[in-house]
Amino acid sequence: MKWFSNFGFQRRNRELQEEIDAHLQMAIADRVARGEAEETARQAAVREFGNILLVQDVTSQMWGGGWLEQIGRDVRYVLRQLRKSPGFTITATAMLAVAICANSTVFSWIDGTMLRPIPGARDTGDLVSLQRGERNFSPTPPFSYLDYRDLREQNHTFAGILAYHHDWITLTGGALPERAYIANVSANYFDVLGIKPMLGRFFLPDEEARAVPNLVLGYALWKTRYGKDPAIVGKSIEVARHPVTVIGVAPEGFVGAMPGIRQDLWVTLDPLGTDVWRMTHRSGGAVWLNVIGRLRPGVSRGQAAQDLDTVMRNIVAAYPDQHLGDNRITLDPMWRSPFGANGYMAATLPILLAFAGVVLLLTCANVATLTLVRFVSRRRELAIRQSLGANRIQLVRQMMLEGVVLSIVAGAVAVVMTSWTAKTFAWFFRATTIPLALNGGMDHTVVIGIAVSSLLVGMLCGALPAWRSSHAPAAEVLKAESASISGGSRHRKLLSGLVVAQIALSLPLLICSGLFLRTLRNLAGANPGFEQDHILTATVGLNIAGYSNDEAQLIRHKILDRVSALPGVKVASFTDWIPMTLSHKGEDAYPEGYVPHPHESLQVYHAEVAPRYFESLHIPVLEGREFTLEDGEKAPRVLIVDETAARRYWPGQDPLGKRLRVWGSLFTVVGVARNSTHMFVNESPEPMIYMSFFQVGYETIVQVETEGNPVDLAPAVENAIHEIDTRLPVFDVRSMRESTQMASSFAVIQSTLAGIFALIGLVLAVTGIYGVVAYRTQMRTHEIGVRMALGASRVDVLRLVLSQGLWLIGIGLGLGLAFALGLTRIIVRLLYGIGANDPVTVVSVVMLLGAMSLLACYFPAHRAMRRNPVIAIREL
Amino acid sequence: MNEKDQYKNRIELLQGTLDMIILQTLQWGPQHGYGIVQALRLQTGDVLQVETGSLYPALHRLERQGWVQSEWKQSESKQKARYYRITAKGKKQLARDLGRWERIVEAIGSVMYVKPKESTS
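Protein chains in written order, with this note's numbering: chain Z, 1 to 876; chain E, 1001 to 1121.
Just so you know, the hints here were simulated from the structure itself, not pulled from any lab data. Glycine included, each C-beta is placed from N, C-alpha and C at the ideal position. Among the hints, a few may not be true.
[Claimed, not checked] Which residues of chain E face chain Z? A few of them, derived with a C-beta cut under 10 Å, are:
1. L1018
2. W1028
3. P1030
4. H1032
5. R1082
[Unchecked claim] Chain E residues, not near chain Z, derived (Cβ > 12 Å throughout):
6. V1037
7. Q1043
8. G1045
9. L1055
10. L1059
11. R1085
12. T1087
13. R1100
14. I1108
15. V1111
16. Y1113
17. V1114
[To be verified] Partner residues are not named here, just some residues of chain Z that face chain E (Cβ under 10 Å, in silico):
18. Q25
19. A29
20. I52
21. L54
22. S60
23. V233
24. S236
Only chain Z is shown next, with the shape it has when bound in the complex:
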């Protein structure tokens, strides 16, 4: 290992060599001068000098000095030792690399999502996400423009507050219409985030609420659709058939302020002047903005929330009718912001990291076992070195170094593996209407994480055996020949402890993964309350393509007629929302005559659905009627509520004919539908209202019930729509089953990873116990031979070997169960249809682990049993 020795060391060695040569030359010269023959003189001089190598060695030790030299020497020694046992080296490195990689992979996902919530933004730790009303998962945008502006101008704790509204739109003007994700943003949007334009400029304060058709392009869109045109700034492009001027391009990597969700382009809040109503009201449809604030330095989240609450109370006092319901403000740091993907990430990834941590501990125990066994067999060598003058600190240092060298190599391997596994995160998310931009990232944080964990692991793997071995008195080891080489009782205890630890650590992993797998099965088998199997949905980019309202309504009716007439189509309908796709639409609804409790949220889920929607999804309408084509724009406003809404607002009464105020107009209840799943199978039911698509529908999603496989009908449906107008953009044509799988993405992630981790755990625990029992049995070969010669039967031998293994398994399983009880508590919220201590899972996992461990003990026992006692006795 030339690369590790430094020049000083080599130079001094060379000089010492020359010094000794000079000594010998002078001695020879003297003898020759005294009359001796040259050859005899040389021999005598060398004899007189003594052992040259020894002199060199002892002298160079006097230099002591440079710690680099010492470590270099130790590293060379360790590498030599590791080269001597490649089996151990490769096994230990591979195990450590896999375990470190498990951790760094999950960590890279956390790093890519929670730790970098807004790529490109400055100091995201100071950013907070504002929520109004009851804290919930995946809420709808909470603020109106006027409320937002008051909060922005009257607070004392924020350096800046931005607002945005996320939507999608069609880019027209090119050969093909293209869907793009757009955000209406406040003028200070980029400023508060700390983003500088790559080209051109961003929005000016006085452009915020005015009708200025300016647009900022995202880097990716600029690259793909506009071929990185360096002169794009100032050009006019067509968005939804309106000319808009490009004023700037955002830097590469920046995809917007909503964590995990991509925005392709940005415009101001009312760029065309068509949204005046939305800009001048405080409730109903004017509540459309997500808000993020940047705290002033030194201000805590609690202080800021208090400050905003005061401002909000004044707003509510001034406009009480526009602020019914809950108006308290809560602030979340961006890593767990409920808007975007991070709310889900924060509920899943830390738990997976904890699992990965358990795998790492388990691996440490396994490698420590291997190391210990190796050190025990090297005890004589170590004892000899110790009696020749190596001090204990030196020995301990070398052993620790062995662990460190192993883990550094493993860490390097893990870095390479992680650079690939980090990117596998996106696999878990299918293509949906949501522009997810989720993936792990391999940056310096992850590399540092890997380095730190591998060093810790190295210390842990090396320290235990080193601490043990250094305690063995040299003289004792040398005196005792083979019989006690197997190690004193101390070694046995430590080995047993490590085996117990491995079983105890792998059991909770197995139980958790069992619970997750059964949760996944329950979720897949659960009845969501609507038909999933013969439904096809297709999104038509109608109102975003720039048609007038009347044109759009006409086209919708045409679509319904054409698609209904297709062969293989049972029922065709429209909706503007697909259940179980991680999204929902929420609105405040005020039932007539209903007095809300203080702070009661009046938000309901809503969907706009066309006639025969309930028929196509097989959702029974329990009372009243479905919508009909008569429920059009000119007819009185009507809605259908679900059972939860009916029970909440009109308990014990007939809901039909009752009225609800939504968006400032009154809707009459004409039907009650059976509850069905909105977001997740395991959600707590929220009130849901359905409104008539032809009255208030916004987005156009064609929903078709088919006779056969829905996907087979996709081309026909697309053709039917294009026959009406070839320029109609059609997106997201897929089966309902495919869409609703989105809801179980996180269950899939959890069970996949927990399954992998548990498998690793099982393999490690079983090989660990096998290794230790086999090793111990081998060390007792002589003893077993004696026993057999004295009349012990083969069954006795089997019992002898098995019993020691059984003890370890029993204790390990007991401790593991206790540990599992604690660990399953943290995953309770992620389970569905199964208790955290589900007896079937626990018993079957305990039996599986117990049986595998027993099998691991049986093989060495079997081998010992079949030994020929005569040979066994001779073998020491």
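Following the hints, position chain E against chain Z.
Frame of chain Z; chain E shown alone:
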């Protein structure tokens, strides 16, 4: 603990003596390793023979302590050799070692040359 300490003391005593002898030899001028061996042999009439296995480690240790300095020079017989020279620090050390040595000799002497009658009782 005890065993180890005793062992250490013995080493130190020997080392101290060897160091003192080497420093004393270098008092008369810079000398190389072979020269030191020869000088001691001449002065003590072959009674004290320093092992090379002790001499060279001792020289390198003394150099590390800063008590001697070394440089490569041509000897009279045109042999390139490493010459050691005592430093000011080394001279002070020699004085200290000598003082201690005299006290030890005196102490040992007072034990070895006691009158027989005092030991009977």
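Hint check results:
{"no.": "1", "hint": "L1018", "result": "13 Å, violated"}
{"no.": "2", "hint": "W1028", "result": "18 Å, violated"}
{"no.": "3", "hint": "P1030", "result": "14 Å, violated"}
{"no.": "4", "hint": "H1032", "result": "7 Å, holds"}
{"no.": "5", "hint": "R1082", "result": "5 Å, holds"}
{"no.": "6", "hint": "V1037", "result": "8 Å, violated"}
{"no.": "7", "hint": "Q1043", "result": "17 Å, holds"}
{"no.": "8", "hint": "G1045", "result": "17 Å, holds"}
{"no.": "9", "hint": "L1055", "result": "9 Å, violated"}
{"no.": "10", "hint": "L1059", "result": "8 Å, violated"}
{"no.": "11", "hint": "R1085", "result": "15 Å, holds"}
{"no.": "12", "hint": "T1087", "result": "17 Å, holds"}
{"no.": "13", "hint": "R1100", "result": "22 Å, holds"}
{"no.": "14", "hint": "I1108", "result": "29 Å, holds"}
{"no.": "15", "hint": "V1111", "result": "32 Å, holds"}
{"no.": "16", "hint": "Y1113", "result": "37 Å, holds"}
{"no.": "17", "hint": "V1114", "result": "39 Å, holds"}
{"no.": "18", "hint": "Q25", "result": "6 Å, holds"}
{"no.": "19", "hint": "A29", "result": "6 Å, holds"}
{"no.": "20", "hint": "I52", "result": "9 Å, holds"}
{"no.": "21", "hint": "L54", "result": "6 Å, holds"}
{"no.": "22", "hint": "S60", "result": "8 Å, holds"}
{"no.": "23", "hint": "V233", "result": "71 Å, violated"}
{"no.": "24", "hint": "S236", "result": "81 Å, violated"}
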